[in-house]
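Trainee: Each chain, letter by letter, is given below.
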Amino acid sequence: KAGVTQTPRYLIKTRGQQVTLSCSPISGHRSVSWYQQTPGQGLQFLFEYFSETQRNKGNFPGRFSGRQFSNSRSEMNVSTLELGDSALYLCASRPGTSGSYEQYFGPGTRLTVT
Amino acid sequence: GESVGLHLPTLSVQEGDNSIINCAYSNSASDYFIWYKQESGKGPQFIIDIRSNMDKRQGQRVTVLLNKTVKHLSLQIAATQPGDSAVYFCAESYDYKLSFGAGTTVTVRA
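Chains A and Z are the protein sequences, given in the same order.
Counting in our numbering, the final residue of the first sequence is number 114, and the numbers go up one at a time with none missing.
Counting in our numbering, the final residue of the second sequence is number 224, and the numbers go up one at a time with none missing.
Treat each hint with caution, since some may be false.
[As the list claims (entries may be wrong)] Cβ-to-Cβ under 10 Å is the rule here; a few derived chain A residues that face chain Z:
(1) 37
(2) 42
(3) 48
(4) 103
It should be emphasised that the hints constitute simulated quantities derived from the structure, not laboratory data.
These figures come from a predicted structure and were not determined experimentally.
A virtual CB, placed ideally from N, CA and C, is assigned to each residue, including glycine.
Chain A with its partners taken away, still in its complex shape:
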């Protein structure tokens, strides 16, 4: 099976712009979660989507949003970028059925905001 893929792998944006990141989960996985990883804050949970619905949300401002499509692919959007949004954004997929917590991470998208 192909693993979790994320596009693009690297991105440079300027403050005030918006960005959309994409994640394709492992085939058959219905849950996609997004995380932000920074040296200072570590890995922080952004949100989880399951069957096109947001099932869980972390403590991030409304500038961070996401969605999931019927084929389970997911996108996350960050509007009005700030310098502090520079980070590695990781998505992870899992089957999503009860009793299954194991997540598989993609390689991440490295976002740099200048």
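Knowing the structure of chain A, use the given hints to seat chain Z on it.
Mentor: Chain Z alone, transformed into the frame defined by chain A:
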């Protein structure tokens, strides 16, 4: 709040020795714990997990121990190899939300 922390930010281990990485968690309601390994330029890779109704679980060369009394989690790696050099994260899950610790960087000395 809910947080997971590792006791040591770095660990240097001689090749062939056993490694022990420790983690303290704060949410007594967490029902699932996972160890991840992250190599440079890659996303975290699942190593092993344990449910809150267990106190020990073994995998290939790895063992996870859970002590709910003191809210402590550890990862033991047997016969550490150069390929084990990475950052190791523990994570706790509550209501399907994962909270990660800060990570321990393990360096294997030849």
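Trainee: Are the hints correct? Go through all of them and say.
Mentor: Each hint tested on the structure:
Taking 10 Å as the C-beta cut-off, the interface hint given for residue 37/A holds, the closest approach to chain Z being about 9 Å. Using the Cβ-Cβ criterion of 10 Å, the hint placing residue 42/A at the interface with chain Z is satisfied: the shortest such distance is roughly 5 Å. Contact between residue 48/A and chain Z, as hinted, is supported at the beta carbon level, the nearest pair being about 7 Å apart and thus within 10 Å. Against a cut-off of 10 Å between C-beta atoms, the interface hint on residue 103/A holds, since the closest Cβ of chain Z lies about 7 Å away.
Comparing the model with each numbered hint stated earlier shows that all of them hold.
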